[in-house]
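Chains as they are written, first to last, in the numbering used here: chain D, 10 to 606; chain H, 12 to 387.
Don't take each hint at face value.
SDA-like, lysine to any residue: derived pairs with alpha carbons at most 20 Å apart [as the list claims (entries may be wrong)]: (1) D:Lys-558 to H:Ala-200; (2) D:Lys-574 to H:Ala-308; (3) H:Lys-202 to D:Ala-328; (4) D:Lys-574 to H:Asn-377; (5) D:Lys-572 to H:Val-281; (6) D:Lys-572 to H:Asn-377; (7) D:Lys-572 to H:Ile-138; (8) D:Lys-558 to H:Glu-218; (9) D:Lys-578 to H:Glu-205; (10) H:Lys-371 to D:Val-560; (11) D:Lys-273 to D:Ala-328; (12) D:Lys-572 to H:Gln-305; (13) D:Lys-584 to D:Pro-595; (14) H:Lys-202 to D:Leu-575.
Derived CB-CB ranges, DEER-like [what the hints assert, rightly or not]: (15) D:Glu-581 to H:Asp-45: 40 to 46 Å; (16) D:Phe-346 to H:Lys-326: 43 to 49 Å; (17) H:Leu-279 to D:Asn-330: 50 to 56 Å; (18) D:Asp-46 to H:Gly-277: 57 to 63 Å; (19) H:Asp-45 to D:Thr-552: 58 to 64 Å; (20) D:Ala-555 to H:Asp-348: 21 to 27 Å; (21) D:Asn-330 to H:Lys-355: 39 to 45 Å; (22) D:Tyr-408 to H:Asp-312: 57 to 63 Å; (23) H:Leu-279 to D:Glu-536: 24 to 30 Å.
Since the hints were made in silico from the structure, they are not lab data.
Ideal Cβ positions, reconstructed from N, Cα and C, are used throughout, including at glycine.
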Amino acid sequence: MDLERIRNFCIIAHIDHGKSTLADRLIEATHTVSERDMHAQLLDTMELEQERGITIKSQAVRMFHTENGVEYMLNLIDTPGHVDFTYEVSRSMAACEGAILVVDATQGIEAQTLANVYLAMDNGLELLPVINKIDLPSARIDEVCKEIEDVLGLDTSYAPRISAKEGIGIDEVLAAVIKYLPPPKGSPDAPLKALIFDSFYDNYKGAISYVRLMDGRVKPGDEILFMAAGKRFEVTEVGVFLPSLMPTESLSAGEVGYIAASVKNVSDTRVGDTITNGRGGVAEPLPGYKHVTSMVFCGIYPADGADYEDLRDALAKLALNDASLLYEPETSAALGFGFRCGFLGLLHMEIIQERLEREFDLNLVTTAPSVSYHVITTTGEMLVIDNPTNLPHPSTIDYMEEPIVDATIMTPDEYVGAVMEICQDKRGVFKNMEYIEETRVMIHYEMPLNEIIYDFFDILKSRTRGYASLDYEMKGYKRSDLVRLDILLNGEMCDALSIIVHKDKAYARGRSIAEKLKEVIPRQLFEIPIQAAIGGKIIARETVKALRKDVLAKCYGGDITRKKKLLEKQKEGKKRMRQVGSVEVPSEAFMSVLKMD
Amino acid sequence: METLGLYVHIPFCRRKCAYCDFVSYPGRDAQMDDYIDAVISEARLYADTLGSHSVDTVFIGGGTPSLLSPKQFERMAEGLKSCCNWNVSEFTVEANPETLDADKAAAYAASGVTRLSLGLQTHDNAILQRIGRRHSWDTFLRAYETAVKHIPDINVDTIFGLPGQTLDEYLETLRRITALKPAHVSSYALKLEEGTPLAGQFSGVDEDLDREMYHAGIELLESAGLLQYETSNFAVPGRECRHNLKYWTGGEYLGLGVAAHSYLRGDLPVRFGNTRDMDEYIRMVKDGRRPVVQQEALTPDDERAEYVMLRMRLKQGIAFADYAARFGRSFEDDFADALRGCEKAGLIERTAQGIAPATKGFDLQNALIGMLLERL
Chain D
10 MDLERIRNFC IIAHIDHGKS TLADRLIEAT HTVSERDMHA QLLDTMELEQ
60 ERGITIKSQA VRMFHTENGV EYMLNLIDTP GHVDFTYEVS RSMAACEGAI
110 LVVDATQGIE AQTLANVYLA MDNGLELLPV INKIDLPSAR IDEVCKEIED
160 VLGLDTSYAP RISAKEGIGI DEVLAAVIKY LPPPKGSPDA PLKALIFDSF
210 YDNYKGAISY VRLMDGRVKP GDEILFMAAG KRFEVTEVGV FLPSLMPTES
260 LSAGEVGYIA ASVKNVSDTR VGDTITNGRG GVAEPLPGYK HVTSMVFCGI
310 YPADGADYED LRDALAKLAL NDASLLYEPE TSAALGFGFR CGFLGLLHME
360 IIQERLEREF DLNLVTTAPS VSYHVITTTG EMLVIDNPTN LPHPSTIDYM
410 EEPIVDATIM TPDEYVGAVM EICQDKRGVF KNMEYIEETR VMIHYEMPLN
460 EIIYDFFDIL KSRTRGYASL DYEMKGYKRS DLVRLDILLN GEMCDALSII
510 VHKDKAYARG RSIAEKLKEV IPRQLFEIPI QAAIGGKIIA RETVKALRKD
560 VLAKCYGGDI TRKKKLLEKQ KEGKKRMRQV GSVEVPSEAF MSVLKMD
Chain H
12 METLGLYVHI PFCRRKCAYC DFVSYPGRDA QMDDYIDAVI SEARLYADTL
62 GSHSVDTVFI GGGTPSLLSP KQFERMAEGL KSCCNWNVSE FTVEANPETL
112 DADKAAAYAA SGVTRLSLGL QTHDNAILQR IGRRHSWDTF LRAYETAVKH
162 IPDINVDTIF GLPGQTLDEY LETLRRITAL KPAHVSSYAL KLEEGTPLAG
212 QFSGVDEDLD REMYHAGIEL LESAGLLQYE TSNFAVPGRE CRHNLKYWTG
262 GEYLGLGVAA HSYLRGDLPV RFGNTRDMDE YIRMVKDGRR PVVQQEALTP
312 DDERAEYVML RMRLKQGIAF ADYAARFGRS FEDDFADALR GCEKAGLIER
362 TAQGIAPATK GFDLQNALIG MLLERL
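So that you can see chain D by itself, here it is in the shape it has in the complex (with noise of 0.2 Å):
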């Protein structure tokens, strides 16, 4: 097809500003899926992306529309729109020449929305606004207008105004992309030049590649050679996304499109990578991806010890198609056999875990979320070490450092003071505040990486009522006063429960921990001191009463059924529980600690 016919585009959008819905209706109304087929988050095929309301995993879409009676090909990909998935987003982007921002009409821009025009920009991409929920009575059009003209510098002189939930003003958002956002450039006839923007597992056709051809053509029969990989493969086919996968002849330069070439191994098919012919091809590969480094790490148990093999296996199916998630193997006294796991953010662990619960039906015991803390020894080497348990004796330790992140908060200014009192508290440095519009401010602070994965944004949105929002960015390391708080169960240390943190807070961790575990671990046939400690000195005590009466059911008139169902729940609870020296500690108690007050 004729490059100028042609627009690659995302659509990027705070979370709940309508993402997801406008994609729905762009695909309605350009007949790509027909009625029957068509259901509300079309593009957010997994459950958890279905059920949460949110996109997780990049998709993308081919649709065609007719403008002044030319025909064009729209090709989009959808993005997710949190702050744990940015690498996700860039990789997108990187196959796009333009983005539609979404901005809802009655929040205006939240902290993501900035963070995503950034990277937009970042990747040269001509970006759309588009204002969205119009419809709704609370809808400020003009002032969130201005907003995006003083924030963004952003001309919003064109922007269709719009509901996707109403579908009002969907032909003029077509018509804007068509005008507005620039076609690819590139030659169909020099060698081929195409970006891995993703990768997919199939049983049958192997690994597939998610490309965005830049030069060249390929069909099937092709020898193509992916770059980084070095290897070789022969295509075996190539097609498009309706969203759902379909063959075509060919791909060429400018267009969106999938490649299978009968790859065994994900890992070839490197999301980043580029691909070209497998003889006189480019020298010279794209740029690629920043490689995805992992902020938050736990470890991963299965809650029944024989269960570790189908843990080590779902694992390694999720990673097939998630190149950010990272998983070695660990072992824990009180855990046993698991795996040490890297995520993009908390949601990305959380969304991990509920994964695995769901897809692969394994009850898993997780461990307090870590980052990774620099070390360095008095023999001045430096260890990278994300979970507690392998840091080295204090005698040992020089100093150490902690990641920073710079964050950014969007409040109505009403809430300053409590967001300003909560960064405080959580160790935040500040560094500016400004307005963006006369009730709304924009805050910078530089946090600890390790207070945010905590609970501040529970505490965030419960302080501002749900009006704040928050985006990071990693920004290095610093030198910090760090202790590793350890967890006593009846004298005994539990491995899984130590974390590091702060000293100015260890005291108040160590109390509130102590009592969670007091509440959720229950009595025993003898009393349990709870002991926080640190470097073997107690700071903090609770005790669990031993058990004085446990009786079950009676068991009169010979009817016995009654106490043998209690007796095998009993059992089944009991698998739940692991045992930690001489106490019984239930699954969740591992994660409780990391709960807010």
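On the provided structure of chain D, position chain H as indicated by the hints.
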């Protein structure tokens, strides 16, 4: 011929007690005659079982069996006798004090009743009223005096941990009872059953008080010559309830009536239970069908688990030789790890024959059984 216990459930009562979750229906006395007919018809549906067994114990429970008129009672007893090998040496009827009179007691005796179980619960009239009982201490005393004139063995039922009850009040109840010198006393810890009115108003006494009552109660009863033989049961030696012992020692029993349960060991041991719906019960029996709605065949492992679960309610516990004779295996091998754990936790004691629950084992019976059965 194997012996068999016969249980008959009488689901009638004047009014539900506030703590009761047994199957009983107030205000349906008009159905008593139909019900008695149904019970006798049901017994006939078990002609094979009854023909191959000798019935040696009978227990009429409820509900309030003493609501039946003397005539109704006699008719039911005669009906049952007519369809089994009747070699009954223990025949128990449950009675509420306010419904027992001399005519009924005489009718019971005439039908062969040897044991009467009177539901006192507490001597404290205020508490009796609060828990929905219709008698007073004086009513009970009169009923007791009437009963002893006709029936050789009397059991008195009591409950501790009632709302407003103190340790002293509970012990006073036991003192008053032991002064009457009954052959048998049952003393149950109040169990708040979900859905009962009492469970909605009262969250139970403090656990420490509950245990204090239990331990002091055992001491008082034993010093009065009523020795504990099961979690909640005490008797003058030799006068334990042999029917109830069947439940805990694997004896066979056939339950008749709504919600009644049975345990039979034919080629394959089986437990089954009747419908809880009185109309359905009567209808099914009339149609010539056994009114069974749940049934479970027991595997050898089930049998062993039940053996442990039920025997450990008994003061005498488990005799290793009996276990070996019953299952052809060694108890000490089967439960080696669990035994060590239970002993270390102070839940069991070694006896000359095997093991028995320690006091702590009665307090923490659930944990004890759980530990023993963990590997099974």
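Review point. So which of those numbered hints doesn't the model satisfy?
Key: 3, 7, 21, 23
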